[in-house]
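A.B. asks: With UniProt numbering applied, the sequence shown covers 1 to 580.
No lab work stands behind these hints: they were computed from the structure. Treat the hints loosely; a few may be bogus.
With a cut-off of at most 30 Å between alpha-carbon atoms, the simulated DSS-like pairs for lysine-lysine come out as follows [stated by the list, open to error]: (1) K183 with K418; (2) K333 with K418; (3) K415 with K183; (4) K422 with K569; (5) K422 with K333; (6) K333 with K415; (7) K189 with K415; (8) K519 with K569; (9) K291 with K422; (10) K571 with K415; (11) K519 with K426; (12) K415 with K426; (13) K438 with K569; (14) K422 with K438; (15) K183 with K519; (16) K189 with K519; (17) K519 with K415; (18) K183 with K525; (19) K422 with K189; (20) K291 with K418; (21) K571 with K438; (22) K415 with K569; (23) K426 with K569; (24) K291 with K415; (25) K438 with K426; (26) K569 with K418; (27) K189 with K418.
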Amino acid sequence: MMHGLLHILDQIRQSRSSPRQAFDLVAAVFPTIKAIQAAVTLGTGCSLGPEGPSVDIGKSCANGCSEMMENNKERRIALVAAGAAAGIASGFNAAVAGCFFAIETVLRPLRAENSPPFTTAMIILASVISSTVSNVLLGEKPAFTVPTYEIKSAAELPLYLILGMLCGVVSVAFTRLVTWFSKFFEYLKERFGLSPVVCPALGGLGAGLIALRYPGILYWGFTNVEEILHTGKSASAPGIWLLTQLAVAKVVATALCKGSGLVGGLYAPSLMIGAAIGAVFGGSAAELINKAIPGNAAVAHPQAYALVGMAATLASNCSVPLTSVLLLFELTKDYRILLPLMGAVGLAIWVPSVTNQPKDSDESDHRSLSRGYSSLSPVEDKSWREPDDGNSLELSVVETEHEAITEDSILEDLKVSKAMSKNYLKVLPTVTLDGTIKLMNDMHQSCALVVDAEGLLEGIITVGDIERCTRNMSTSASEGNTDVNSCLVSSICTRGIKYRGRGRGLLTCYPDTDLATAKELMEAKGIRQLPVVRRRGNSKMEHKRRVIALLYYDLIWRCLREEMDRRSKRKDSEDISADG
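The task is simple: from the sequences and hints, build the whole structure.
C.D. replies: Right under this line is the structure:
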């Protein structure tokens, strides 16, 4: 029910014509419902954590205060960063980690001029106040009890580096599993017309079924993390084999919950997964080394590796290396942990960055093939795309309505439906090139969409395609009996592109794609027109292939000029009303 209400509120927010109001009721209700969703998700034991929602609540409160006080962009950024820092600081009782979390996730993606010096002061102050309030109300007890850290010798450092790489590999698998589940639930919604409420319920059901065999995957606060950190020291602590199964089950359950749309964070699950991986690795390494060198206890206890594994997995999953290092250092208060911790975290971050790095020849495709459009091909209908950015799962995004108005910001507010043209030419694949050229001349069109008998998109033929075909076949025509004009358009039309060395379908966009994305895509690929298709179809074959319009590059600029004129006239009328 909450997911359905959020969907309605999101539609209301997007449909509003005026971006600024004295008090935005929808914006005020939105974070409240998010908080209730998170409480229900965590209260029922789903495999997610509270830190993500707590950060969102902190940012939402900061955004609300900024709206009421009508602050400028710099003040709003500072308030949002302070809210994010307060959320982490109170959640872990770690003020220093909260400060660096805000710097890594809020300030780092911004330009330097958008991060004024007083922002850091506000972040520090918010972290300190948040931790103080948390100590007063909840006590000074940390989020979980950390065992005493020890390192036997410097010879152990290579083991910690291997552990960091292992955590990075697990993070890559987890990220791709989240992407797969997200695509799977999106497919279910489009294929069977499911409402937004059903998929989170299915995710919770799946997590519950896994919990029947492995109850440890459920959210119990940090109780399960504490049990893992005491492996080998208490009778209730799980063994190595059970920890291995628990880590795999936790990865699958968390990816299932996140991919289904349940509201929750990844910090707590990452800590548990990392603790389990570290304990398994440390216990296995100790057993192997002690067998190879009897009587030589040169490897620390498994909980030492569990601590480092927690930080490495957290850093790799959420792209917060500094926060991870400082969080564990703040919890252990032991300087000796820094060296193995930094080495493991560094390699844990390096593995997914290398795995997800696009090829040099595909960098422009990577930038443009990440938002609001579809790529059509028979193969891609049956398989899920690789994740474009595996480390974007927990990053904070600053949304501000007071930024300086630029062409890009206006285009981001406009949808393709505002600029697309219903006046376009469609031809069948069996039409000859000569017939297509005549139709294009008669209708004054620079391209034609190639569709099948049912009107589903198969390709596009442009003036450039015709010129290339004419040049390539002119030699063959002079040597033989080949008639260029008798060629079928199906043999020369553009049906797809190359992306990451693989053949992809024809580039299209949706009516609700923003014009900034469409413009970026067209400029990156050097095209002047983009077919607009329906997002959902009545059948699987119709899925993302039913053409409804054509977007021309020139129409984007015309729509931009009209919108700028409209905003200018509205501003002038508001100024006249204010003066009157």
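A.B. asks: It remains to establish, for every hint, whether it holds in the given structure.
C.D. replies: Status of each hint after checking the structure:
For a cut-off of 30 Å, the pair hint linking K183 to K418 stands: about 28 Å separates their Cα positions. Of the pairs offered as hints, the one joining K333 and K418 is violated, with about 57 Å between alpha carbons and a cut-off of 30 Å exceeded. Using a Cα cut-off of 30 Å, the hinted pair K415 and K183 holds, with the two alpha carbons roughly 24 Å apart. Pair hint K422 plus K569 holds up; C-alpha atoms about 28 Å apart against a cutoff of 30 Å.
As the CA atoms of K422 and K333 are separated by approximately 66 Å, the hinted pair breaks the 30 Å bound. Distance hint between K333 and K415 is unfulfilled; the C-alpha atoms sit about 52 Å from each other, more than 30 Å. Simply put, K189 and K415 have alpha-carbon atoms about 23 Å apart, close enough for the 30 Å limit, and the pair holds. The hinted pair formed by K519 and K569 meets the criterion: a straight-line CA distance of about 25 Å does not exceed 30 Å.
Restraint check for K291 and K422: not satisfied, since their Cα atoms lie roughly 75 Å apart, outside the 30 Å limit. Restraint check: the Cα-Cα separation between K571 and K415 comes to about 22 Å, which is no more than 30 Å; the hinted pair holds. At most 30 Å may separate the alpha-carbon atoms for a hinted pair to count; K519 and K426 meet this at roughly 23 Å. With a C-alpha separation of about 23 Å, the suggested pairing of K415 with K426 holds against the 30 Å cut-off.
Using a Cα cut-off of 30 Å, the hinted pair K438 and K569 is violated, with the two alpha carbons roughly 43 Å apart. The suggested pairing of K422 with K438 holds, with an alpha-carbon distance near 20 Å, which does not exceed 30 Å. With a C-alpha separation of about 25 Å, the suggested pairing of K183 with K519 holds against the 30 Å cut-off. Among the hinted pairs, K189 with K519 is consistent with the structure: their alpha-carbon atoms are about 28 Å apart, no more than 30 Å.
The suggested pairing of K519 with K415 holds, with an alpha-carbon distance near 11 Å, which does not exceed 30 Å. Restraint check: the Cα-Cα separation between K183 and K525 comes to about 25 Å, which is no more than 30 Å; the hinted pair holds. Distance check on the hinted pair: K422 and K189 sit about 28 Å apart at the alpha-carbon level, within 30 Å; holds. A distance of roughly 71 Å separates the Cα atoms of K291 and K418; the hinted pair therefore is violated under the 30 Å criterion.
For the hint pairing K571 with K438, the CA-to-CA distance comes to about 47 Å; that exceeds 30 Å, so the pair is violated. Taking the CA atoms of K415 and K569, the gap is near 21 Å; set against the 30 Å cutoff, the hint holds. With a C-alpha separation of about 39 Å, the suggested pair K426 and K569 falls outside the 30 Å cut-off, and the hint is violated. Only pairs whose Cα atoms come within 30 Å are accepted, and K291 paired with K415 is rejected, the gap being roughly 65 Å.
For the hint pairing K438 with K426, the CA-to-CA distance comes to about 13 Å; that is within 30 Å, so the pair holds. Straight-line distance between C-alpha atoms of K569 and K418 comes to about 19 Å, which keeps the hinted pair within the 30 Å bound. A C-alpha spacing of about 26 Å is found between K189 and K418, which places the hinted pair at or below 30 Å, so the restraint holds.
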